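Each residue of the sequence shown is one higher than the last, beginning at 28 in the working numbering.
Please keep in mind that the hints were generated in silico from the structure rather than gathered at the bench. Every value quoted in this text rests on a predicted model; they were computed, and no experiment measured them. One or more hints might be untrue.
Unchecked claim - Capping the alpha-carbon separation at 20 Å, the derived lysine to any residue pairs in SDA-like fashion look like this:
| id | residue 1 | residue 2 |
| --- | --- | --- |
| 1 | K93 | L113 |
| 2 | K165 | Q178 |
| 3 | K267 | R252 |
| 4 | K93 | P234 |
| 5 | K165 | Y139 |
| 6 | K93 | R157 |
| 7 | K93 | R140 |
| 8 | K265 | K282 |
| 9 | K243 | P253 |
| 10 | K267 | G257 |
| 11 | K165 | Y138 |
| 12 | K146 | K170 |
| 13 | K146 | G111 |
| 14 | K243 | Q255 |
| 15 | K265 | I244 |
| 16 | K276 | R266 |
| 17 | K165 | R144 |
| 18 | K93 | K146 |
| 19 | K93 | T63 |
| 20 | K165 | P133 |
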Amino acid sequence: MLQPSTRASSRLFRPCLCSLDTSLSRLRISPLPITTTQTTVRYATHKSEGRANGAKQGAGKRLGAKKTGDQYVITGNILYRQRGTLWFPGENVGMGRDHTLYATSPGYVKYYRDPNRHKTRKYIGVVLERHHTLPLLKGVATKRKLGMVAQRMTSATATEVEAEGGEGEGAWEDVETGAAGEADGDVDRPMVRGPLVRETKQSQWTPRVSNYEIGKIADKKQAVRPYQPGDRFLAWRKRKARIAKSIEKRGLKGKKKGKK
């Protein structure tokens with residue numbers, strides 16, 4: 028079998044080798060350019076994390092008065108929230124770390140000034156009874172509720188003390204009734220008690236007057252005319268007043284439309 032010579036085969040591959048030499052000659056090894064890149068670190072802050080993670084746990088800004096004057100409070104009720112000392116603690120009132128004023132005893136809230144303590148400061152105090160006033164007079168003893176209720180002495184105790192001291196009826200009568208020189212001889216006067224008031228609690232566990240008792244106040248003061256069935260004259264007067272009021276409203280509406 029005839030085979031091609033090696034010279035012929037080398038001649039066939041020579042142009043390919045030439046093309047490879049020319050292509051490889053174009054590729055030159057050159058040093059890489061030196062680039063200096065400065066790496067910076069950015070630490071995450073609360074703002075960059077996004078609002079989905081929640082707001083800052085800062086102090087609440089619901090500032091101002093939480094209780095009005097003459098309002099009943101119990102121990103621990105917050106009276107005033109503030110930043111700084113706009114108001115100062117008075118009688119039966121304390122101040123917290125964030126200048127919050129709170130009640131230290133149950134009573135009624137009073138806003139007042141005390142020139143004897145300071146010329147310009149404003150105070151918030153708590154009194155035991157609604158009719159008490161602040162500031163207290165100089166030298167007057169501070170009133171405290173020691174867990175007891177004041178009771179009037181009975182007639183038996185009065186007669187025992189009378190036998191020991193030898194005082195007359197008139198003197199003891201003055202002590203009981205509070206009037207000077209009225210000796211009627213009625214030493215044994217029964218104590219009149221008011222109606223039993225059932226304390227209803229508010230949301231903050233403070234007692235308030237029930238709605239039933241509020242509705243009965245008008246009846247006690249006789250401010251409401253009792254209803255009389257069959258009183259046609261009263262019904263006629265009410266109907267006339269209602270018609271006149273409706274006519275007046277219609278006239279006002281017509282004037283407003285005309286102005287437009």
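Inset, instruction - Give me the numbers of the hints this structure contradicts, sorted from smallest to largest. - result: Violated hints: 2, 8, 12, 15, 18, 19, 20; rest satisfied.
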